[in-house]
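Given chain A, work out where chain F should sit, using these hints.
Protein chains: 2
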Amino acid sequence: MNIVLLSGGSGKRLWPLSNDVRSKQFLKLLCDEDGNHESMVQRVYRQIVHAGIDADIVVATSAAQVESIRGQLRNDVDIVVEPERRNTFPAIVLAASYLESRKMMNPEETVIVLPVDPYVDVAYFETFGKMDERVQQGDADIVLMGITPSYPSEKYGYILQGAEGKVTGFKEKPDEASAQKLIDQGALWNAGVFAFKLKYLMGIADKYVKDRDFSSVVEHYAQLKKDSFDYEVVEKANSLAVIPYDGSWKDIGTWNTLSEEMKEQSIGDVIMGEECVNTHVINELSIPVVALGTQNLVIAAGQDGILVSDKHKSSYIKPYVENIDKRPMYEERRWGEYKVYDYSQYTDGTKSLTKHVTINAGCAQDYHVHRFKDEVITVVNGQGELVVDGCLMKLSRGDTVSVRRGQKHGIRAIQDLQLISVQISEDSTEGDTEVLDWSWASDSGSCQN
Amino acid sequence: MNIVLLSGGSGKRLWPLSNDVRSKQFLKLLCDEDGNHESMVQRVYRQIVHAGIDADIVVATSAAQVESIRGQLRNDVDIVVEPERRNTFPAIVLAASYLESRKMMNPEETVIVLPVDPYVDVAYFETFGKMDERVQQGDADIVLMGITPSYPSEKYGYILQGAEGKVTGFKEKPDEASAQKLIDQGALWNAGVFAFKLKYLMGIADKYVKDRDFSSVVEHYAQLKKDSFDYEVVEKANSLAVIPYDGSWKDIGTWNTLSEEMKEQSIGDVIMGEECVNTHVINELSIPVVALGTQNLVIAAGQDGILVSDKHKSSYIKPYVENIDKRPMYEERRWGEYKVYDYSQYTDGTKSLTKHVTINAGCAQDYHVHRFKDEVITVVNGQGELVVDGCLMKLSRGDTVSVRRGQKHGIRAIQDLQLISVQISEDSTEGDTEVLDWSWASDSGSCQN
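Same order as they appear, the protein sequences are chains A and F.
One point on numbering: in numbering that gives the first Met the number 0, the residue at position 397 of the first sequence is 396, and numbering is uninterrupted.
One point on numbering: in numbering that gives the first Met the number 0, the residue at position 417 of the second sequence is 416, and numbering is uninterrupted.
One or more hints might be untrue.
[Stated by the list, open to error] Straight line, CA to CA, 25 Å or less: simulated BS3-like cross-link-like pairs of lysine-lysine: (1) A:Lys338 with A:Lys11; (2) F:Lys350 with A:Lys338; (3) A:Lys350 with F:Lys338; (4) F:Lys180 with F:Lys102; (5) F:Lys262 with F:Lys11; (6) A:Lys317 with A:Lys172; (7) A:Lys325 with F:Lys338; (8) F:Lys206 with F:Lys180; (9) F:Lys180 with F:Lys165; (10) A:Lys350 with F:Lys393; (11) A:Lys338 with F:Lys338; (12) A:Lys350 with A:Lys393; (13) A:Lys102 with A:Lys198; (14) A:Lys350 with A:Lys325; (15) F:Lys325 with A:Lys338; (16) F:Lys249 with F:Lys170; (17) A:Lys165 with A:Lys180; (18) F:Lys154 with F:Lys317; (19) F:Lys350 with F:Lys262; (20) F:Lys170 with A:Lys393.
Don't read these hints as lab results, they were simulated from the structure.
Quick caveat: nothing in here was measured; it's all calculated off a predicted structure.
Excised from the complex, chain A in its bound form:
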């Protein structure tokens, strides 16, 4: 069995902690069994392992999320990068092609596809075995997971089932009365979890791409229809079956629903007066948040901004924050993270960017070059190595190095390395980073420091 996790949706519904590069699934606001904070992605990965599922895991996502996934799941998963965002059908074909041509998976094997961020019990993952069995039984092209409904919701899709779990139809977002009737007839919510034999999907892929090898699918990605997997595959299948899951299943995409699942009233440097009622505070800043006499509030403070919202109003955040066009002020990277302290543009168009950069011990930035940016790096803690134009310099606390535009450079951390970087550029700084191969720097001798 192979598992494909679809990691989508950059977005601002959990602003200021989620932004264009940090989707909600990467926020470490939940707790594992030992009380350590974990993200939705980490929770799902932990649950899959805990459920004892023997499967390789592939995450299909956009380039923007790769650093976050590597930072949170290390090398425990494979990552397939969508060349552009096109909807779930192309993303799943891409992942399937990767499994076939790179992982050499047996075409008879089962692939299970699910969103990366369901908030569920471990039992959810335990149904995967039943889905696999049913796929292998061979009487259904696609096997769906169906959630046992807890109330006649108007916002979900319903799967109608007949004898032996055969799917007899679908009903999208019925009104409450119709929903109740469907439930009485044994209908289940569609959780967006699909299982199928690898060869079944690759057969469909053949209709769109001449060569189903992974590199070719990447190259001709634009030829794959920009449609959902439901529309392009599920609705066109000859036979469908459903396996029920009768446990907790929640959408925690708003501050209101997320705060309900938080174990603590507050995370971070927070002081709450005793008269605070039903208030949750999440503070990622290094300055304290004090809440006095607040009621039904969620307060979230991060590098991108500060939200103070009535809990029920928090789901209406989008129009208020979608036009905030500041650059992301915090990014998690494969090698560590950075926080932006200041980003200024001056009257003559010049920009400056001051960042606090942390590079984890043993990790390295890309070896890279800026064409329009000069940079001053000052080490405030830790030890590492800086290579500039092939010259190696040891870095330790108090060292300052000026890297001029055009100079190839990169830093490796020996111990956790913290530094202040001040960049000055005379033109647009965004995108002014050309990544080079570290091997270019690898024969670097130790130059005069």
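Structure of chain F alone, referenced to chain A:
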């Protein structure tokens, strides 16, 4: 006539914007007639000028406030620095001594003493003329200002008056019924505004200090009784008179009362959802604050922290913030201002401090030296000059200079100068600044840069 403004009370009732070096009277949250933001201190100074009072103004304060006062009132006032904080009697004697021995004021002239931050109409200052006249009339040692009470408050002191405005007694904080009786008898609130002839107070000073010359009073300041002016002078006077002021007089020492006087619902980068009711937001940070569906809240975000408080609960802030022992993250200085981006202490005890410093055009820092701190300065905007150990260097954008411990240095701005300073010290950094005389640097030639 001379005016002495008493600028006291560092404190945290307006935390996070007020702190140990930035008292509430320096927060620019009010508006002048042209809609420009001004502080309480600036408002009072503007009103004195507007009332057409021809008087020299002396501010008596602690050393910690000198930079803020110079920054906000420039050289329009004299400043008398209390050698230590000892209460109002010593502070007023010190200011009077300054007027006598440094300003050569005629001992017959009137001195009017008031707090630096009354929130009042201009008419308040227009009563000063009447107080002066009454002092010069000679039938009262001290002339007080009495506020016409607007309700039987239990929290103020009452001045009882007889014929011709002669004071017949005082009553501190009566219960409501007694207060009403006092008001019916023509009693007035004590506003803490005193007028007297300079020679009267200096006569009292003679009881405490052998030599009433200013330098001597400074030197022997500890000999002045640590008492209030009310207790030590007013209550012991032979005859007192009162001049009524029948206008607005408010204490705006809490977020609740201050927000009532704000012309805007928000100051700074703030987005308010339309369903916010009776909410005031003050944001001094460079990241946006978004408020959705909030009611009766004050939200204040500054370099020191973030407050979210029910308005009526905001006056109970003190116990929640008094133990926050972070260093001030923002300071206004005579020459400009700085913001702290990061202040970290590492496991081996070393500290680092990263600041954004603005030096106003034409202004200069003190020439100074650190014994335990190394500093890296990177200019992000503007032009100036740096002197290091007597060597002059021109500074402009992109320049980086390392100043090692023990090196005397100081910066002057030619144009507004913005720089990032990273300081690293192996020991306690607080207090590690020895101020030197700029003249030591003044024969500096231009050294090799």
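Each hint, compared with the structure:
Proposed proximity of A:Lys338 and A:Lys11 is supported: the alpha carbons are some 18 Å apart, at most 25 Å. With a C-alpha separation of about 19 Å, the suggested pairing of F:Lys350 with A:Lys338 holds against the 25 Å cut-off. Using a Cα cut-off of 25 Å, the hinted pair A:Lys350 and F:Lys338 holds, with the two alpha carbons roughly 19 Å apart. With a C-alpha separation of about 45 Å, the suggested pair F:Lys180 and F:Lys102 falls outside the 25 Å cut-off, and the hint is violated.
Restraint check for F:Lys262 and F:Lys11: the C-alpha separation of about 23 Å stays at or below 25 Å, so the hint holds. About 22 Å separates the Cα atoms of A:Lys317 and A:Lys172, which keeps this hinted pair within 25 Å; it holds. Between A:Lys325 and F:Lys338 the CA atoms are separated by roughly 20 Å; this keeps the pair inside 25 Å, and the hint holds. For the suggested pair F:Lys206 and F:Lys180, the alpha carbons sit about 39 Å apart, so the restraint of at most 25 Å is broken.
Distance check on the hinted pair: F:Lys180 and F:Lys165 sit about 19 Å apart at the alpha-carbon level, within 25 Å; holds. Note on A:Lys350 and F:Lys393: the hinted pairing holds, with a Cα-Cα distance of about 21 Å set against a maximum of 25 Å. Note on A:Lys338 and F:Lys338: the hinted pairing holds, with a Cα-Cα distance of about 16 Å set against a maximum of 25 Å. Proposed proximity of A:Lys350 and A:Lys393 is contradicted: the alpha carbons are some 29 Å apart, above 25 Å.
At most 25 Å may separate the alpha-carbon atoms for a hinted pair to count; A:Lys102 and A:Lys198 meet this at roughly 14 Å. Of the pairs offered as hints, the one joining A:Lys350 and A:Lys325 holds, with about 14 Å between alpha carbons and a cut-off of 25 Å not exceeded. For the given pair, F:Lys325 sits about 20 Å from A:Lys338 by alpha-carbon distance, which is consistent with the 25 Å threshold. Between F:Lys249 and F:Lys170, the direct Cα distance comes to roughly 20 Å. Compliance with the 25 Å bound is thereby established for this hinted pair.
Pair hint A:Lys165 plus A:Lys180 holds up; C-alpha atoms about 19 Å apart against a cutoff of 25 Å. With a CA separation close to 19 Å, the supplied pair F:Lys154 and F:Lys317 stays within the 25 Å bound. Taking the CA atoms of F:Lys350 and F:Lys262, the gap is about 42 Å. The hint is violated against a cut of 25 Å. Simply put, F:Lys170 and A:Lys393 have alpha-carbon atoms about 73 Å apart, too far for the 25 Å limit, and the pair is violated.
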